[in-house]
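J.: Starting from the known structure of chain F, fit chain U onto it as the hints suggest.
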Amino acid sequence: DTEVTQTPKHLVMGMTNKKSLKCEQHMGHRAMYWYKQKAKKPPELMFVYSYEKLSINESVPSRFSPECPNSSLLNLHLHALQPEDSALYLCASSQDSGNSFLAKNIQYFGAGTRLSVL
Amino acid sequence: AQSVTQLGSHVSVSEGALVLLRCNYSSSVPPYLFWYVQYPNQGLQLLLKYTTGATLVKGINGFEAEFKKSETSFHLTKPSAHMSDAAEYFCAVTSLGGGYQKVTFGTGTKLQVIP
Numbered sequence: 001d002t003e004v005t006q007t008p009k010h011l012v013m014g015m016t017n018k019k020s021l022k023c024e025q026h027m028g029h030r031a032m033y034w035y036k037q038k039a040k041k042p043p044e045l046m047f048v049y050s051y052e053k054l055s056i057n058e059s060v061p062s063r064f065s066p067e068c069p070n071s072s073l074l075n076l077h078l079h080a081l082q083p084e085d086s087a088l089y090l091c092a093s094s095q096d097s098g099n100s101f102l103a104k105n106i107q108y109f110g111a112g113t114r115l116s117v118l
Numbered sequence: 001a002q003s004v005t006q007l008g009s010h011v012s013v014s015e016g017a018l019v020l021l022r023c024n025y026s027s028s029v030p031p032y033l034f035w036y037v038q039y040p041n042q043g044l045q046l047l048l049k050y051t052t053g054a055t056l057v058k059g060i061n062g063f064e065a066e067f068k069k070s071e072t073s074f075h076l077t078k079p080s081a082h083m084s085d086a087a088e089y090f091c092a093v094t095s096l097g098g099g100y101q102k103v104t105f106g107t108g109t110k111l112q113v114i115p
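First to last, the sequence lines map onto chains F and U.
Each residue of the first sequence is one higher than the one before, counting from 1 in the working numbering.
Each residue of the second sequence is one higher than the one before, counting from 1 in the working numbering.
Do not take every clue at face value.
[Said to hold, decoys possible] Mimicking DSS-like on lysine-lysine, the simulated pairs with C-alpha atoms at most 27 Å apart in a straight line are:
#, chain 1, residue 1, chain 2, residue 2
1, U, LYS49, F, LYS36
2, F, LYS41, U, LYS102
3, F, LYS40, U, LYS49
4, F, LYS104, U, LYS69
5, U, LYS102, F, LYS38
6, U, LYS102, F, LYS40
7, U, LYS68, U, LYS58
8, U, LYS49, U, LYS68
9, F, LYS41, F, LYS22
10, F, LYS40, F, LYS53
Don't read these hints as lab results, they were simulated from the structure.
If we strip away everything but chain U, and leave its shape as in the complex, we get:
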């Protein structure tokens, strides 16, 4: 079974500071990894995904994540936080099961940006 663990349910950073949200995965096969963002009272929006190929993945809004197989990690980073980045972030891993695509979400990390 595949799983993801997000370390830290709440992360606070100052505006302009580095954002680092941690995600570790467990998978017996090469994983497909995603980061989604959820703004208050909104659905989930895809930030970026890793499937194969380049291990450093760039996404929307200046976010990027690096797939590190040796560390089973897929941490999300952004060099400089903006107030608009305040949201809930979910790391996810997908698999096929029962003929459909199954998404396993982490428990989420709420990012607070302090002015």
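For reference, chain F alone in the conformation it holds in the complex:
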């Protein structure tokens, strides 16, 4: 099973709303990632969690707040978003090798959450 599950598939929210995106994998992967993808562009890395700890925050605005409650779950909490935050949000995961990560390992992607901010 190489599945990364993201919910919801679609989300429409106003600029004052608070919502959360959820990502789940049961492959035993110890690295999980959030990406943002605008139309006709490649994915852009937002956050990296390794061993349930935030490793990388690619200068993402504080209105995006990630959370990794356990090794299988990754959340992205959204608050006071702007219309330009409308995009496809992708979650990915990859395995470690002996308590470290290898560049050759595959990142497995979920189907994404299509977010529209009104």
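T.: Below, chain U alone, put in the same frame as chain F:
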């Protein structure tokens, strides 16, 4: 720093024709190269990868790619295009940085298959 360049943001082929999507990389170390496909409103699915060993890599759905170090290329091919191949294709190179695996994507090539 590593990078990939995909030549041609749009490629159109007739059904049954050869598919050739171009990818060139830049890397100071032996690269790990990947091709991902993205169907409309979907996530990215791995087509194939090159890490070490055989330079001709076979992937899913009849796709293959050849790693050519002398040309710094990793072009994706398929002998006969199907309508279902219409999608966005991303070439990617990975590296380790800051203790995590970093994926650098190309800008993508949209493949159109004409009946």
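J.: Each hint should be assessed against the structure and marked as holding or not.
T.: Each hint, compared with the structure:
| no. | hint | result |
| --- | --- | --- |
| 1 | U/LYS49 x F/LYS36 | 23 Å, holds |
| 2 | F/LYS41 x U/LYS102 | 17 Å, holds |
| 3 | F/LYS40 x U/LYS49 | 23 Å, holds |
| 4 | F/LYS104 x U/LYS69 | 17 Å, holds |
| 5 | U/LYS102 x F/LYS38 | 19 Å, holds |
| 6 | U/LYS102 x F/LYS40 | 21 Å, holds |
| 7 | U/LYS68 x U/LYS58 | 15 Å, holds |
| 8 | U/LYS49 x U/LYS68 | 14 Å, holds |
| 9 | F/LYS41 x F/LYS22 | 23 Å, holds |
| 10 | F/LYS40 x F/LYS53 | 31 Å, violated |
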